[in-house]
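Protein chains: 2
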Amino acid sequence: MNKIINVGLVQMYSTASAGDNLTRAAQHVRLLAQRGAKIVALPELFLTPYFCQTRDKKFFDLAEPVPGPTVRVLQAIAKKNRVVLTTSLYERAGGKYYNTAVVIDADGKYLGKYRKMHIPDDPKFYYGEAYYFSPGNLGVPVFKTRYGKIATLICWDQWFPEGARLAAAKGAEIIFYPTAIGFQLKARPGINEAEHQAWQTIQQSHAIANGVFVAAVNRVGLDNHLRFWGTSFVADPYGRVLKQGSVNREEDILVACDLNLVPQMRRDWPFLAARRLKVEQ
Amino acid sequence: MNKIINVGLVQMYSTASAGDNLTRAAQHVRLLAQRGAKIVALPELFLTPYFCQTRDKKFFDLAEPVPGPTVRVLQAIAKKNRVVLTTSLYERAGGKYYNTAVVIDADGKYLGKYRKMHIPDDPKFYYGEAYYFSPGNLGVPVFKTRYGKIATLICWDQWFPEGARLAAAKGAEIIFYPTAIGFQLKARPGINEAEHQAWQTIQQSHAIANGVFVAAVNRVGLDNHLRFWGTSFVADPYGRVLKQGSVNREEDILVACDLNLVPQMRRDWPFLAARRLKVEQ
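Listed in order, the protein sequences are those of chains Y and U.
Under my numbering, the first sequence has 152 at position 152, and the numbering climbs by one with no breaks.
For my numbering, count along the second sequence from 1 and bump the result up by 281.
Rather than coming from a laboratory, the hints here were simulated on the basis of the structure.
Among the clues, some could well be false.
Straight-line Cα separation of at most 30 Å, DSS-like style, residue types lysine-lysine; simulated pairs [as the list claims (entries may be wrong)]: (1) Y:K144 with U:K559; (2) Y:K3 with Y:K243; (3) Y:K124 with U:K559; (4) U:K284 with Y:K186.
Simulated restraints, written as ranges between beta carbons of each label pair [said to hold, decoys possible]: (5) Y:N2 with U:A468: 24 to 32 Å; (6) U:K338 with Y:Q281: 42 to 50 Å; (7) Y:F125 with U:F406: 24 to 32 Å; (8) U:A554 with Y:G190: 18 to 26 Å; (9) Y:G36 with U:G393: 31 to 39 Å.
Stretch by stretch, here's where chain Y covers chain U in the computed footprint (C-beta under 8 Å, at least three residues) [what the hints assert, rightly or not]: (10) 508-521; (11) 542-556.
A virtual CB, placed ideally from N, CA and C, is assigned to each residue, including glycine.
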């Protein structure tokens, strides 16, 4: 069976205008769909600037129900372009706030959500997310889309092998990581490069450990104290980076993923089957 | 406090003569100790050829109690050279057989053992270990040595992030992986390199995810269907490879490891502290 699926990553910047961000996102999705993309991912919280670099009560106004107004727009975009669509949004629910990934099928159907479990909170507010988000309480769901089973974990989750393991154990063929990560502007010789390389290495390792594709879609551009480092990429189940974006340009990245490699790799290297230590959801 | 510890890896081949292997291992330990090594690791099952490439009842004769005769020799070597020593041995116990790592302190004291949990068993008998070894039943212990807290997982364990996570959660500062992994002699264009790179990537990822040093010590040389690929290495808590051995030479690799980096990294990148999914022992 042909299971070669074109995955599209929208590596983009976000401005203070949600309308502008949504318009550009829609253009990128359309262009990727025209090139054959079947599953398209947008960066973490693409609708807004990365507001977690300061504490300001006003930013809670950016939160919305999920599903809600933005999901409805994304559903229309997915349906019009016949693509599966995933990203993260700022969700409010029951007086709480979450960083929430959504998955929409290629017919526009809303398939569900995942709430980011691992919330970074450094002392200097490069990624001061604990003020804005509660840790996710929905476990690690997997979504059966028209073009494959996918999971969408979010940014800091990418440093924790447990989430990827659960996603794969539940059948994910591709794990998406909508991301907003960048270099601190303060010079730290050697450290920036080490962190950037580690970010790629650990996600490659999830592909290897689980026999899945991993797709990281990051922002670019300067935003307050961070210069987002782009370099969105897709790794195959060997951990090989198939294609990678630039460090500084808004661009569409289209990657053909042969999903037949997932069962094939898991038989050659049965790490998922042979694991003897259980990760608890 | 000065916690810069010199780690020595003995990248070696093994012949059919246990006496020869033990003599060469002792020479390497002595040379490394003379150069300042404080913790020295030998490859997986260094005492014997890698017999798991065929099924033959005679190889069960190679098993011994642990602690037992070889541990006593290793204790003498450790004490004489004032180094912590770790490797794996073929253990028999209660009618069962295990691939068992031992840790001996720098005064020659036997500190304990770990039994390999993940047993590879491919259909073509490159690594046909299930005939020879039961899966380990001792969990993932951590050993407090004179020169740091260490864990010793074994070869195929290195593909499973859960073991490294448990070791780090119990306080390991360095995780050792005595290893016997190599290239199949049959030509597989592209695959050999992909597997070799993945082997390094996944171990680097354990360093990153847990803020620990990772030390992989592998065999070299041709043995039946495998050409062991050497390239023993130590990665720091950023996942950076500090030093790496050749692909084909028996050699000693000495690496200065600043164990102060362990708590430092775990504060800059608190992945170990912030994890929200539990690995069950």
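These are the hints, each one checked on the structure:
1. Y:K144 with U:K559: Holds, at roughly 26 Å.
2. Y:K3 with Y:K243: 19 Å, holds
3. Y:K124 with U:K559: 28 Å, holds
4. U:K284 with Y:K186: The given pair, whose Cα atoms are some 28 Å apart, holds under the 30 Å limit.
5. Y:N2 with U:A468: 24 to 32 Å: 28 Å, holds
6. U:K338 with Y:Q281: 42 to 50 Å: Because 43 Å falls inside the window, the suggested range holds.
7. Y:F125 with U:F406: 24 to 32 Å: Check failed, 56 Å falls outside 24 to 32 Å.
8. U:A554 with Y:G190: 18 to 26 Å: With a Cβ separation near 24 Å, A554 (chain U) and G190 (chain Y) satisfy 18 to 26 Å, so the hint holds.
9. Y:G36 with U:G393: 31 to 39 Å: At roughly 57 Å between Cβ atoms, G393 (chain U) and G36 (chain Y) fall outside 31 to 39 Å, so the hint is violated.
10. 508-521: holds (count 3)
11. 542-556: holds (count 4)
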